[in-house]
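The task is simple: from the sequences and hints, build the whole structure.
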Amino acid sequence: MIGIVDYGIGNINAFSRVYKLLGMPHTFLTRPQDFDDRISKIILPGVGSFDHAMKTLNKSGLRDKLNEYVLDHEMPTLGVCVGFQMFCGRSEEGSEQGLNWIAGEVLKIKEKSLEDFMPLPHMGWNKVDVLKPNDLTNGIDAATGFYFLHSYQVVTKEDDIVASSQYGDTITSIYQKRNFYGIQPHPEKSHSNGIKFLENFGKL
Amino acid sequence: MLRSRIIPCLLIHNNGLVKTVKFKDKVYIGDPINTVKIFNEKQVDELMILDIDATVLGKEPNFKLIEKLANECRMPLCYGGGIKSSAQANKIFSLGVEKIALSSAALKNPDLINEISNMVGRQSVVVVLDIKKSLFGKYEIYTHNATNKVSGDIEATINQLIDRGVGELVINCVDHDGVMKGFDFTLLDRVYAVTSVPLTMLGGAGSLSDITEAVEKYKIVGVAAGSLFVFKGKYKAVLINYPENLLK
Numbered sequence: 000m001i002g003i004v005d006y007g008i009g010n011i012n013a014f015s016r017v018y019k020l021l022g023m024p025h026t027f028l029t030r031p032q033d034f035d036d037r038i039s040k041i042i043l044p045g046v047g048s049f050d051h052a053m054k055t056l057n058k059s060g061l062r063d064k065l066n067e068y069v070l071d072h073e074m075p076t077l078g079v080c081v082g083f084q085m086f087c088g089r090s091e092e093g094s095e096q097g098l099n100w101i102a103g104e105v106l107k108i109k110e111k112s113l114e115d116f117m118p119l120p121h122m123g124w125n126k127v128d129v130l131k132p133n134d135l136t137n138g139i140d141a142a143t144g145f146y147f148l149h150s151y152q153v154v155t156k157e158d159d160i161v162a163s164s165q166y167g168d169t170i171t172s173i174y175q176k177r178n179f180y181g182i183q184p185h186p187e188k189s190h191s192n193g194i195k196f197l198e199n200f201g202k203l
Numbered sequence: 000m001l002r003s004r005i006i007p008c009l010l011i012h013n014n015g016l017v018k019t020v021k022f023k024d025k026v027y028i029g030d031p032i033n034t035v036k037i038f039n040e041k042q043v044d045e046l047m048i049l050d051i052d053a054t055v056l057g058k059e060p061n062f063k064l065i066e067k068l069a070n071e072c073r074m075p076l077c078y079g080g081g082i083k084s085s086a087q088a089n090k091i092f093s094l095g096v097e098k099i100a101l102s103s104a105a106l107k108n109p110d111l112i113n114e115i116s117n118m119v120g121r122q123s124v125v126v127v128l129d130i131k132k133s134l135f136g137k138y139e140i141y142t143h144n145a146t147n148k149v150s151g152d153i154e155a156t157i158n159q160l161i162d163r164g165v166g167e168l169v170i171n172c173v174d175h176d177g178v179m180k181g182f183d184f185t186l187l188d189r190v191y192a193v194t195s196v197p198l199t200m201l202g203g204a205g206s207l208s209d210i211t212e213a214v215e216k217y218k219i220v221g222v223a224a225g226s227l228f229v230f231k232g233k234y235k236a237v238l239i240n241y242p243e244n245l246l247k
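Sequences listed follow chains R and V, in order.
Note that numbering that gives the first Met the number 0 has the first sequence beginning at 0, numbered continuously upward.
Note that numbering that gives the first Met the number 0 has the second sequence beginning at 0, numbered continuously upward.
The hints are simulated quantities; they were obtained by calculation from the structure and are not laboratory data.
All values derive from a computational prediction rather than experimental measurement.
Idealized CB from N, CA, C, for every residue including glycine.
Everything hinted at is true.
Each computed SDA-like pair below joins lysine to any residue, with the alpha-carbon atoms no more than 25 Å apart:
no., chain 1, residue 1, chain 2, residue 2
1, R, Lys19, V, Glu40
2, R, Lys58, V, Ser84
3, V, Lys67, R, Glu198
4, R, Lys109, V, Arg2
Residues on chain R that point at chain V, a partial pick, calculated with CB under 7 Å:
no., residue
5, Ser48
6, His51
7, Met122
8, Gly123
9, Lys188
Listed below in structure tokens is the structure:
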């Protein structure tokens, strides 16, 4: 069963709606006791600023359980948008410490000059270049891509970048290393590509 | 490459959807939830839903309706109408809305922008400026459904809004609303020249060529429309529609 971390940030209902549509069992992880042995995968959603999301997660009382499941049990875990950024140790956007699960840091997207008019935030539908096809990118229409809404991004080892996107700067759009899966855009709001991506994660 | 966003803009009045002409003459379009369901099937880029009653009547945002809308939307949702405090904004985000749109509250109390932007990040903070041309041809900013004129020139206001943490600017041309004769590019050129965040234009789109014209002119831009996506034909029969793969 897919456990969606409910720490007060991110659109957990949107994920639940997609998995209902797909007929895949899922549940919200709201309290520490919700982490039980039915859980086989975890989604960490996120919107908003890095510090706000980290502070809210720290206050939620879920962090120890999350570490146990993700680090000790090595459960496949998908971070979405700021949820993915929180996998890193730090972010240029704030001063809070991240979860420090993966190598890399969260940096502001390098802004192009006003003449090119690629203003931040990076907002809208962008295609993805799949560099290392894996189970998650199966059946994804790369040209249609996903919906992005962010000004900061995960800068990490090239080997672990599954797909990237272009917006003045090169953006890490999909990530994977061991049981850590990350996606910068919002699959829960990206129509058929997003549904396919979440289905792929659910089937891992 | 990032594509321009084509955004249906829906107006809520008395819990139903309406479409206006120059902010007046409301025509009933249908049920908000049903309309969102149709736009899901059409795979629209993004949806903007504005409650045009809340601010004018001094009411809180209708959180119940917002929750239903957010649960239905399979695309990003921008909601506006009646938001006056960061607590209200936070509540709306927690219901699953990606972006909130401010207008009168942001102009009256710009600190609110800093507050919300610091909390959730500027990518989720939108300001809608309703702009109307005076009898003497001067562009002026209005609030409260174009009944309340706000002092200050457009460029200075935009600079201040962006400095305070606005992540997207929606320019709504009151005189072009519902007229379906094209955008006001004189106004949009002026705005474009001073805007350093994503820009979305609203008011005037009457055909798909109006959209492609705007996209060719400004490259990456948000193009929003009401009438175009809810009416069909000369007699404006209500028909929810959306172009397939226009920019792909």
